[in-house]
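Sequence lines, in order, name chains A and E. With numbering that gives the first Met the number 0 applied, the first sequence covers 0 to 245. With numbering that gives the first Met the number 0 applied, the second sequence covers 0 to 266.
Read the hints as simulated data drawn from the structure, not as lab findings. Keep in mind that a hint or two might mislead.
With a straight-line Cα cutoff of 30 Å, these simulated DSS-like cross-link-like pairs (lysine-lysine) come out [to be verified]:
1) Lys211(E) to Lys116(A)
2) Lys116(A) to Lys165(A)
3) Lys76(E) to Lys64(A)
4) Lys64(A) to Lys146(E)
5) Lys139(A) to Lys165(A)
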Amino acid sequence: MSKNNLLVSLENAGIYKSPKWLIRGVSLEVKSGQIVTLIGPNGSGKTTTAKMVLNILEPDEGSLKRYTNKIAYVPQKINIDWTMPLRVVDFMRLTNNLSNNEIIESLNQTGVEKLFKEQIHGLSGGEFQRVLLARAIAKKPELLVLDEPVQGVDFNGEIDLYNIIKNISANLNCGILLVSHDLHFVMSATDHVICLNGHICCSGKPSSVIKDKAYIELFGEHRSKTLTYYQHDHDHTHSSDGSVSS
Amino acid sequence: MLDDFFTRALVAGIGIAIITGPLGCLVIWRRLSYFGDTLAHSALLGVTLAYAFSLNIAFSVFVISAVIALLLLHLQKRTRLAGDSLLGLLAHSTLAIGLVLMGFLSSIRFDIMGLLFGDILAVTLQDIALVWIGGFIILGILYFIWKSLFSATVNYDLASAEGMQPNIYNMIFTLLLAGVIALSIKMIGTLLITGLLIIPAAASRNITNNPKQMVFVAILIGILSVTIGLFTSLELNTSSGPSIIVIALILFIISLIPLQLKGKLQK
Numbered sequence: 000m001s002k003n004n005l006l007v008s009l010e011n012a013g014i015y016k017s018p019k020w021l022i023r024g025v026s027l028e029v030k031s032g033q034i035v036t037l038i039g040p041n042g043s044g045k046t047t048t049a050k051m052v053l054n055i056l057e058p059d060e061g062s063l064k065r066y067t068n069k070i071a072y073v074p075q076k077i078n079i080d081w082t083m084p085l086r087v088v089d090f091m092r093l094t095n096n097l098s099n100n101e102i103i104e105s106l107n108q109t110g111v112e113k114l115f116k117e118q119i120h121g122l123s124g125g126e127f128q129r130v131l132l133a134r135a136i137a138k139k140p141e142l143l144v145l146d147e148p149v150q151g152v153d154f155n156g157e158i159d160l161y162n163i164i165k166n167i168s169a170n171l172n173c174g175i176l177l178v179s180h181d182l183h184f185v186m187s188a189t190d191h192v193i194c195l196n197g198h199i200c201c202s203g204k205p206s207s208v209i210k211d212k213a214y215i216e217l218f219g220e221h222r223s224k225t226l227t228y229y230q231h232d233h234d235h236t237h238s239s240d241g242s243v244s245s
Numbered sequence: 000m001l002d003d004f005f006t007r008a009l010v011a012g013i014g015i016a017i018i019t020g021p022l023g024c025l026v027i028w029r030r031l032s033y034f035g036d037t038l039a040h041s042a043l044l045g046v047t048l049a050y051a052f053s054l055n056i057a058f059s060v061f062v063i064s065a066v067i068a069l070l071l072l073h074l075q076k077r078t079r080l081a082g083d084s085l086l087g088l089l090a091h092s093t094l095a096i097g098l099v100l101m102g103f104l105s106s107i108r109f110d111i112m113g114l115l116f117g118d119i120l121a122v123t124l125q126d127i128a129l130v131w132i133g134g135f136i137i138l139g140i141l142y143f144i145w146k147s148l149f150s151a152t153v154n155y156d157l158a159s160a161e162g163m164q165p166n167i168y169n170m171i172f173t174l175l176l177a178g179v180i181a182l183s184i185k186m187i188g189t190l191l192i193t194g195l196l197i198i199p200a201a202a203s204r205n206i207t208n209n210p211k212q213m214v215f216v217a218i219l220i221g222i223l224s225v226t227i228g229l230f231t232s233l234e235l236n237t238s239s240g241p242s243i244i245v246i247a248l249i250l251f252i253i254s255l256i257p258l259q260l261k262g263k264l265q266k
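Using the sequences provided together with the hints, build the complete structure.
What follows is the structure, encoded as structure tokens:
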């Protein structure tokens, strides 16, 4: 691996889509073991930036440098047409060859190993999100890009998934680029926050970003004050299907 | 055995069904039905040019289909017309150009019905060789690029992000589609080839639950359609191409029954 375990860097990158720049002047780095989060309102260019990092979109200005090819991606939206019969197990093998055991192990990590043979079309939004995450983990990537990975997941599930993401970064020592509007998690586990609104408004450690004027302007003062990582004690735990286990 | 015209038709038809099975599934998954149709329409232009310059028909059709496919990809990036409008534009203008050119070649007698609906009973040994060797090559390439192509079919961004290079494989797929049309134009005809691509694959979807299964069952249904269709046309003295498609349709209707039953059980 190259200097400082650098996995990917964007330098002053931007995407132009007639008649305006979707995003401009973005510079960022992701290193192994680091979680970098992009936050910002709708249409602020979070997904576009993620797609530049993934080389799905080529920057119209600036440049992308990548030092790894072991990349996994959890896109924001996937529509799988009914005309394609697809089981969870087929989906898990989409871009790499995995044994059944490897697949079950990954599904187990996100709590959906029971869905192994299920049709993708029959899954709920939250279940599908867990399968997407499991598929990405199974690749054992060096760089993991997650675009709103907890959408459609209920509140407890959300915390559950964010804990899993934290563990992935620790266990696999991979770099994670996370697109999120979820400020709770951003504050609790992220190493570096980048706040976007067509350009980088502010960036830095979560604790310093929330005090930044640009950030407060974008998200409102009341929200920045009430930011605490949601934590509560349970005398029981829920499994992914909602049943209570002790 | 192959000197019998009926056996020859059967061997060629089964060869085509084996190729259209997997490609038909991909056409359905990628919502490319009209794209296949457009290529098939442009094939008429290919046939005309083949006669005009005395080229091999399959070769000429392949080249024209490939050019049309690449033109479409180019136009999609350059104009604001929706995909289906572009397809209509290309399909009917190439069809018209083909027919106009035919008028200039008045010295040659064209069998228009044969071009539109194919004449599988006139298949020669050479045609059979072309279908089986060509088919072998097409399926061989498809086998090698399957993983990349399939992942790009499920989700372009995901395939692209994870290094599957969907652009290249989408292009290869388009060329394979042009190849199938070139191989089958003489036997099935421009108007019916899309039917043989889509109907067996659609029927297969109704009774399968994973992609590989769908591909194999589509091949089986295609073979059944060709076989039963040809025997029916012999028995009832109906035209062979349309008979094959009618049988495929009947098999499609039968394939709906398990879905209906499942629906009733759930109620």
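To see whether the hints hold, each was checked on the structure:
no. : hint                   : verdict
1   : Lys211(E) to Lys116(A) : holds (14 Å)
2   : Lys116(A) to Lys165(A) : holds (28 Å)
3   : Lys76(E) to Lys64(A)   : holds (27 Å)
4   : Lys64(A) to Lys146(E)  : holds (27 Å)
5   : Lys139(A) to Lys165(A) : holds (14 Å)
Taken one by one, the earlier hints all hold for this structure without exception.
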